[in-house]
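Engineer: Protein chains in written order, with our numbering: chain A, 1 to 314; chain B, 1001 to 1351; chain C, 2001 to 2503; chain D, 3001 to 3343.
Keep in mind that the hints were calculated from the coordinates and are not lab data. Each residue gets a CB set at the ideal place from its N, CA and C atoms; glycine is no exception. Where hints are given, some of them may not hold.
Unchecked claim - Computed list of lysine-lysine pairs in DSS-like fashion (alpha-carbon distance at most 30 angstroms, straight line):
hint, chain 1, residue 1, chain 2, residue 2
1, B, 1171, A, 250
2, B, 1217, C, 2401
3, A, 96, D, 3164
4, C, 2376, B, 1283
5, C, 2384, B, 1225
6, B, 1283, C, 2327
7, D, 3208, C, 2119
8, C, 2376, B, 1201
Unchecked claim - So the derived label-pair ranges between C-beta atoms look like this:
hint, chain 1, residue 1, chain 2, residue 2, range
9, B, 1035, D, 3266, 48 to 58 angstroms
10, B, 1014, C, 2487, 57 to 67 angstroms
11, A, 291, D, 3146, 52 to 62 angstroms
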Amino acid sequence: ADNGDSGDASDSGDSDLITVGYAQVGAESDWRTANTESFKSTFTKENGYELIFDDAQQKQENQIKAIRSFIQQGVDYIVVAPVVETGWETVLEEAKAEGIPVILSDRQMDVSDESLYECWVGGNFIKEGEDGGHWLEDYLKEKGMDGEEINMVTLQGTIGASAQVGRTEGFANVLAENDNWNMLELQTGEFTQAKGQEVMESFLKKYDDIDVVIAENDNMAFGAIDAIKAAGKTCGPDGDITIISFDAVKAAFDAMIAGDLNCAVECNPLHGPRVAEIIQKLEAGEEVDKIQYVDEELFDTSMDLEEIVKTRAY
Amino acid sequence: MKDKSLVRRITGHRLFMPLVCLAIVLLANLLRQPDFFKITVKDGTLYGYVIDVINRGSELVILAVGMTLVVSSSAGTDISVGAIMAVAAAICCFILSGGQVSVNEYANPYVLGVVIALVLGAICGAWNGFLVAKLRIQPMVATLILFTAGRGIAQLITNGQITYIRVPEYKVLGGSISGLPLPVPFFVSLAVVILAYILLKRTSLGLYIEAVGINPKASRLVGIKSSLIIFLTYAFCGLCAGIAGLVASSRIYSADANNVGLNMELDAILAVALGGNSLGGGKFFLMGSVIGAYTIQALTTTLYAMGVSADQIPVYKAIVVVIIVSLQSEELRKWFKKKFATKKVVESEVA
Amino acid sequence: MENNVVLTMRNINKNFPGVRALSKVDFTLRKGEIHALMGENGAGKSTLIKVLTGVEEFETGEIRMAGCECAIVNKSPEEAQKCGISTVYQEVNLCPNLSVAENLYIGREPKKFGGIDWKTMNKNAKALLESLDIDIDPKKAVENYSVAIQQMVAIARAVDMSAAVLILDEPTSSLDDGEVEKLFTLMRKLQKQGVGIIFVTHFLEQVYEVTDRITVLRNGELVGEYETAKLPRLELVAKMMGKDFDDLAKIKPEGVSKTKAEVLIEAKELGRRGTIKPYSLQINKGEVIGLTGLLGSGRSELARVIYGADKPDTGELFVNDEKVHIKSPREAMMRGMAYLPEDRKAEGIIADLSVRENIIIALQAKRGMFKRMSTKEQEEFTDKYIELLQIKTANRETPIKQLSGGNQQKVILARWLLTNPDFIILDEPTRGIDVGTKTEIQKLVLQLADEGKSVIFISSEIEEMLRTCNRMAVLRDGQKVGELEEDELSQEAIMKAIAGGDR
Amino acid sequence: MMNKKKGRKSILEGTGFLLMITIALFIVMYVIGCLLFADKGFAKPQVFINLLISNAGLIVIAAGMTVIMITGGIDISVGSVVAVVCMMLAWMMERKDVGAIPATLIVLGFGLVFGLFQGFLVSYLKIQPFIVTLAGMFFARGLTAMISQDMISIKNEMFLSWAKYKIVIPLFGRVNRRGEVMYPYIYPSVVIAFLVLVIIFLMLKYTKFGRSLYAVGGNEQSALMMGLNVRRTKLYAYVLNGLLASLGGFLFCLNTCAGFVEQAKGLEMDAISSAVIGGTLLTGGVGNVFGSLFGVLIKGTIETFITFQGTLSSWWVRIAIAALLAFFIILQSIFASLKEKRK
Ligand SMILES: Nc1ncnc2c1ncn2[C@@H]1O[C@H](COP(=O)(O)OP(=O)(O)OP(=O)(O)O)[C@@H](O)[C@H]1O
Ligand SMILES: Nc1ncnc2c1ncn2[C@@H]1O[C@H](COP(=O)(O)OP(=O)(O)OP(=O)(O)O)[C@@H](O)[C@H]1O
Ligand SMILES: [Mg+2]
Ligand SMILES: [Mg+2]
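Using the sequences and the hints, build the whole thing.
Structural biologist: Quick look at the structure:
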């Protein structure tokens, strides 16, 4: 790497290693842990990298501090999985002034000047929401219920989180196309099982005729399943209530195999290799696309889940 | 004349205001949505919003018991209880799963997991107690350490994963047993309350705790080991957090280091205050705290039932809390009394 | 209003829950007069003062001050100060964390460039304290000084501010004779300047020394107002108590010298760095030992290291010839000791607990946590001592903080008597206690000694000590400088020993 | 002889002592950092300056917290107040086209009113500060969500120009990877934070109000009986704190330029622990704003340690922060008790 500053980490020790500073959100979910693991296993010394990892404990201030620290440590690349989309202008300009390229992962950033970062890698939450919606359309058709009045409720994620916003919006797009779908209520379960359960309990008491539950992550879906069972109802492919969930962690496969969950839309956390690819391109001086989606799938009980789960990394 | 004194005895009782507050919250429900009080039977257990309050409030009740004693003896609050819950849940699940992410049968005996979780909870409490009683660090600061580290320790134990124990018996503690009319957590909290009550009333521990909380110097001079008492209350509080952690973990048959007991410390402190206890230490009313805990849960359940968005709930909660504590405010009561009294004088003069 | 009257209170009524603290009380204060407010413990003296200065509200009545057309009601001490009333309350009220100088001048700090002028303030404070012969560093926090010094600081503050009325509620309770004399000089000076002074005390001598007039309260009711010169002592006492009072000069059975010389406690070179220099002391069974010395001479400290309230760092202690290591008050207590502390508010009362709990707590602690005394037993004990010491309280469940100062002291005394100790340290036990009870307490001390118990008795009142003590240890500057035996005890000898002339 | 001993003792006396320990420990810690991470450039001036830049808001909030803690109170609503202030700024400027200056004035006014309300409940209705401000915390956080559940980026030019205005210090220049000379720089927020510190310091030391705060915290009953207006003093303290919290929120917003519901969660704990590390007692009567500044810097240094270390797992980060915090608090308590013993 180029230099000029005597204090830069790139000069000391193994100067041929590429130093990458990764500002991670935290470890608030299994998804996140898998995401971190993906980076840690990709950016190893063997692969020619030195990774400086920082955990922001879900606080944007901490991430800003970390980026400033990366700048001072003279890293070659900064990768950020922003806690939130907003408020990055100042610190990104500081990075730009130092000439350090920034790559975003998972969530996007809302900045006025797109040249402040090189590119973004992540899942498409809106598409995930739409996928879930389309799956439901097909499923209902299959069951011959496409004309009927369908009552549904949504367990939203933490309000304002990208995943919540995107999935809600995506599903709403499909909802708008189906006049017979009736969204009774949206309430946040804050992405946790306990809250999801509590909110679902409340829904079940309020509405007698819920047909579909949209849970914006797996954990809330698990909570909802318990609440439904406690209320003396059933769920899953053979039950009264259809449940769609997002993320598709391993536990979700277990739930689908157990017949409690209908469908899980994947949200792929394995961003590390993709980011490494991008860095190699940038090192080679190539242009990269601004937006890079990772591949995501959808799983439901009609598939051979037992086999699929063996191949899953998280 | 006699009636009046009875009325006064009732209204003067220290649990009167907390009970009134709980009643008001419930009454508001009765007006807004009568089916709040509808109770049906499902699978031999009672089912309804009120049962939810009793069920969901259990952890809070358990925490409030421990918190009451801590507040009383040390005039400070333990802000680490939420984190300790996570630690207890994590260690229990870790032991029962033998380190796997998800298991369908116990890797170790259930009792072992529970006992170690409770012991660890008590040890966490003891650490807090050591800092407060021996090193004389201010309670909130002392417990800030575990508040910060607790969830980290829990994640360390579970290696950052949510550990699932998919064994039906594991769900019992946080669920219900058919034949039992009320959910199990209620009985757990009942047991904790009774245990604490007996401990405080059958021995002179309650008196010691109050004395130490009011005047530690004087207490030392009358032969009470002030620091030991403070230490014990923290250890007990840790134990309570451990129990609450187990219940919370059983509800989701897993250990979620980030979310078990999240923000529970604040609700627990609030419960203590709503129960008419002073956060300045000294005299305490255990039953007041229990009522306070149910008041908070009733409020939360109500707001959910009304469909208030979860992130706006705090606004309503704040308003209700301010109204409740204002109702309990000595100053406001004095002010009303004065107004009332002058009015009466004027009336009698007219007559 | 007569034109030399500065303050009148008419028909003042004040109720506390369950207690009628003041009922139809009248009070008149004239210009340039020192007016004693007398009464037994719980008669309502402090309450009257608190009502006047706005600490407590009153139900009905009227307060007028010279220069004001209409009746005034002070809502807070702040307003009272604005009316020209400055007050020293019964319990010392200073901010422990602030420096002496700040405590003297807070609320009226000298200013420079719009900000507080610390230099001038410290200089003024030094001067003010020196005028009272108090040699302390005004820059140090008040909490570093003993109760007595704090009391002097509070007095200095009030005196310095006094405009029309100065109120002193038992200011002399922890002062020694020298300090009291200084205070009187000051009071006389202010009197000449036309300040009206209200003076509360339980010391009859002091009343007759400085006051012009006496108002007597009993049970919250006004007994009457008298000119001091025209009211004989015994009559005053009778008025306060509502009954005749037998002369209390001779309570010590003369000539019954204690022949038993069985040693109960022996301290050898016991000391604590920074507070008390190593000393040796023998305490025999059935003996009352007095500790005497000037303010801050270390009397309290000497006693505290025996009880383990402060840990000694040199020397040895023997109880019944057995060497003991007392590391905490609890251990001392288990060996049959008891300690009534000097600072009632900080170390004695447990404010929010009831009278009952305050009385039984020491015995309960002695018995142990799991041997809880039954409620019935607790109530019996409490009632017994309320009766024995004539504690004035609405009932046994009243929080102790609602009792008058003197009655609080009785509760603490009851607490220790209940533990039936072999050896009891009484640090200023009669502080703030009325004449009648004071005699009772002195009798009690002698009775304890008769029963073969040993007592350390600390008091600033030499007469009281003379009446009760068999032997006295004299302290100066944290050092025990001598002992006076029974036959050497006289006012003169003690004064001499304290002053340290020939020793 | 006694007197001489007393004179020497008084150096260690009073509030200055804990502050001295704090400063000394901070310096030791920083030097250790410089040695440990010498190869990574810990010793660069900008690393230190970044501590100030990133924590400007916290410094002001901790100053307000110090004032409250001196009176023996506590305010756990400040984190939420910051959130609502940021949200209001963002919402007003982006959604309602309010100018940057009026928006700033409005949020400062909001802080004042918020403080007034909390102060009223604490001082006139005598409700426990913890509970009042807990309710305040809930309220402000919920209010944030009510204003908008979106994340709003601030794009207002004037506001951004405040946020990005670099005040360059023409010393210790170095060359960056593009070959340009870079000087250390600060933002205006740092200057504002320091101004606030100095003003609060002077107020605490040289005004009657400032001293009354200490008196009330030392012993409320005594302060009342000495003729201070305890209620008003406390009320003003909360009003001042409300103002400082909103000003802190404004500085915080200059750093993040955005408003969203989850912002500044847990900031109150940072402020409280900073004040405590700086020698302010939760029991009241003792405290110093410069102590709180060092408290903030120490916490910042601990975090900087961890970012420079750069390999810790998420959970180890929490544990490491707590361990360093524990180490610091315990050390401080040992020093304090040694001093107590010497007395
Ligand atoms: N805050 C209070 N609440 C209830 N009762 C009180 C309170 N303060 C005083 N009393 C009662 O009022 C009566 C008068 O008390 P006060 O303090 O005026 O007595 P005093 O004459 O000053 O006695 P002492 O010489 O012991 O100080 C006492 O019976 C006391 O118990
Ligand atoms: N004039 C003084 N100047 C400085 N310090 C003093 C003075 N008087 C008392 N002190 C402080 O008080 C301490 C001793 O007070 P102590 O309470 O033991 O006195 P005492 O003999 O019991 O008298 P009393 O109980 O009447 O106050 C000393 O260690 C000293 O710090
Ligand atoms: Mg009195
Ligand atoms: Mg003494």
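Engineer: Which numbered hints are broken by the structure, listed smallest first?
Structural biologist: 9 and 11
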